[in-house]
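Undergrad: Going letter by letter, the sequence shown gives residues 1 to 322 in UniProt numbering.
Please keep in mind that the hints were generated in silico from the structure rather than gathered at the bench.
Among these hints, one or two may not hold up.
Unchecked claim - Derived PhoX-like pairs: lysine-lysine, alpha-carbon spacing no greater than 25 Å straight-line: (1) Lys-241 <-> Lys-208; (2) Lys-188 <-> Lys-283; (3) Lys-283 <-> Lys-297; (4) Lys-275 <-> Lys-252; (5) Lys-252 <-> Lys-188; (6) Lys-188 <-> Lys-146; (7) Lys-317 <-> Lys-93; (8) Lys-168 <-> Lys-188; (9) Lys-125 <-> Lys-154; (10) Lys-168 <-> Lys-261; (11) Lys-93 <-> Lys-283; (12) Lys-97 <-> Lys-234; (13) Lys-132 <-> Lys-154; (14) Lys-317 <-> Lys-168; (15) Lys-241 <-> Lys-291.
Claimed, not checked - Here are the simulated distance ranges between beta carbons: (16) Pro-61 <-> Asp-263: 46 to 52 Å; (17) Thr-173 <-> Leu-88: 49 to 55 Å; (18) Leu-65 <-> Ala-135: 38 to 44 Å; (19) Asn-56 <-> Glu-92: 33 to 39 Å; (20) Val-172 <-> Gly-95: 39 to 45 Å; (21) Ile-82 <-> Thr-246: 39 to 45 Å; (22) Val-316 <-> Glu-142: 40 to 46 Å; (23) Thr-109 <-> Asp-182: 53 to 59 Å; (24) Gly-95 <-> Lys-154: 32 to 38 Å; (25) Thr-85 <-> Glu-133: 33 to 39 Å; (26) Gln-184 <-> Gly-232: 47 to 53 Å; (27) Asp-263 <-> Glu-142: 41 to 47 Å.
Remember, it's a predicted structure, so these values are computed and weren't measured experimentally.
Even for Gly, the Cβ is constructed at its ideal location relative to N, Cα and C.
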Amino acid sequence: MFILMKISKTSPFFPIIFSVVFFFSQSIGNAAKNTTKSPKGESQVVTDTNIVAVVNGQKIPKQELYTLLIDTYGEDALDVLIRRTLILQAAEKEGIKITNTEIEQKLETLINNEIEGLLRTYQIKDRADLEKELAKVGSSLENVKKKMSTRMRKQAEVELLAERLMEKTITVTDEDLQKAYDLQYGEKIEASQIVFRTRREAEDALKKLQAGADFATLAKNESVDRISAARGGKMQPFSPKDGIGTDVAHLKVGEISDIIKTDYGYHIIKITDRKPPSNNSFKSVKGELAKAVRNQKYKERVGPWLMSLIENASIVKNLGND
């Protein structure tokens, strides 16, 4: 989701900072909120709102925390607020409004996506195991979801408005749908790859393969794409009509390609199988495809669109940390 993506010159959005940094700290935060411990272990309430903590009697002022947060996240966080403000202004100008029901539905999607991201980040098997980990720190998945809901509600609203603003600029043609159908439901190639940084390395490897070297072993030992290398070079199935598929569409099962140059390096591809098209008819999946194509076009265009809002806006920053 675009509001969470990394802000940079090429991508104008915000990184998922807080979900990872504060995942477990938020889970146990309520137990320590507004309290501190004396040397004797007695709980003491911090009543001064300008003090965020007391450590062995030494006070940490709120301004120190503010300065740290500004120095660490200030520019990125401010950019998020600026972009959100621009979207809200554009929506108001166009008279676009959204309902609370729509916001709740969007919020649920964002929260589910972020939880799935946490499972991957912390290498937790599933939500049941996540619940167990949270229980160890006195929390629960429901508690985490509530915290996420509070933090992400404005994000859900802004993303919905951005989608509505761009709807009229996106059209889905019959050609788009047919291409999407061919890619998703058409013939699939199963293959393995070895990826090299230089052509010379690829040429040396191709000679080894032609001399009878085992493809999977060579992939494990020499491929710079460590994800596929760990599987002996095995790739995700792909269409012969898109990307690298067009370079190997003519090959038969068991054949090895010549060296193929891409943005990721120099590839050698071995075809391991070819799967026939799916039995799903075009008509039965047309609605699903239209939604997918529209979403893809939105993702491709939202960055440039938002940058155009920024370029045409009057923006003055004043973080006060220069």
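Undergrad: None of the hints should be skipped; say for each whether it holds.
TA: Checked hints:
1. Lys-241 <-> Lys-208: 29 Å, violated
2. Lys-188 <-> Lys-283: The given pair, whose Cα atoms are some 20 Å apart, holds under the 25 Å limit.
3. Lys-283 <-> Lys-297: 21 Å, holds
4. Lys-275 <-> Lys-252: Cα-Cα ~12 Å, so holds.
5. Lys-252 <-> Lys-188: 13 Å, holds
6. Lys-188 <-> Lys-146: 42 Å, violated
7. Lys-317 <-> Lys-93: 23 Å, holds
8. Lys-168 <-> Lys-188: At roughly 34 Å apart (the allowed maximum being 25 Å), Lys-188 and Lys-168 break the hint.
9. Lys-125 <-> Lys-154: 30 Å, violated
10. Lys-168 <-> Lys-261: 38 Å, violated
11. Lys-93 <-> Lys-283: The given pair, whose Cα atoms are some 39 Å apart, is violated under the 25 Å limit.
12. Lys-97 <-> Lys-234: 47 Å, violated
13. Lys-132 <-> Lys-154: Violated, at about 30 Å.
14. Lys-317 <-> Lys-168: Status violated; Cα separation ~32 Å.
15. Lys-241 <-> Lys-291: At roughly 21 Å apart (the allowed maximum being 25 Å), Lys-291 and Lys-241 satisfy the hint.
16. Pro-61 <-> Asp-263: 46 to 52 Å: 49 Å, holds
17. Thr-173 <-> Leu-88: 49 to 55 Å: 32 Å, violated
18. Leu-65 <-> Ala-135: 38 to 44 Å: 29 Å, violated
19. Asn-56 <-> Glu-92: 33 to 39 Å: Hint violated: Cβ distance 51 Å, outside 33 to 39 Å.
20. Val-172 <-> Gly-95: 39 to 45 Å: 24 Å, violated
21. Ile-82 <-> Thr-246: 39 to 45 Å: 41 Å, holds
22. Val-316 <-> Glu-142: 40 to 46 Å: 42 Å, holds
23. Thr-109 <-> Asp-182: 53 to 59 Å: 28 Å, violated
24. Gly-95 <-> Lys-154: 32 to 38 Å: 20 Å, violated
25. Thr-85 <-> Glu-133: 33 to 39 Å: For Glu-133 against Thr-85, whose Cβ atoms are near 37 Å apart, the range 33 to 39 Å holds.
26. Gln-184 <-> Gly-232: 47 to 53 Å: With a Cβ separation near 26 Å, Gln-184 and Gly-232 fall outside 47 to 53 Å, so the hint is violated.
27. Asp-263 <-> Glu-142: 41 to 47 Å: 43 Å, holds
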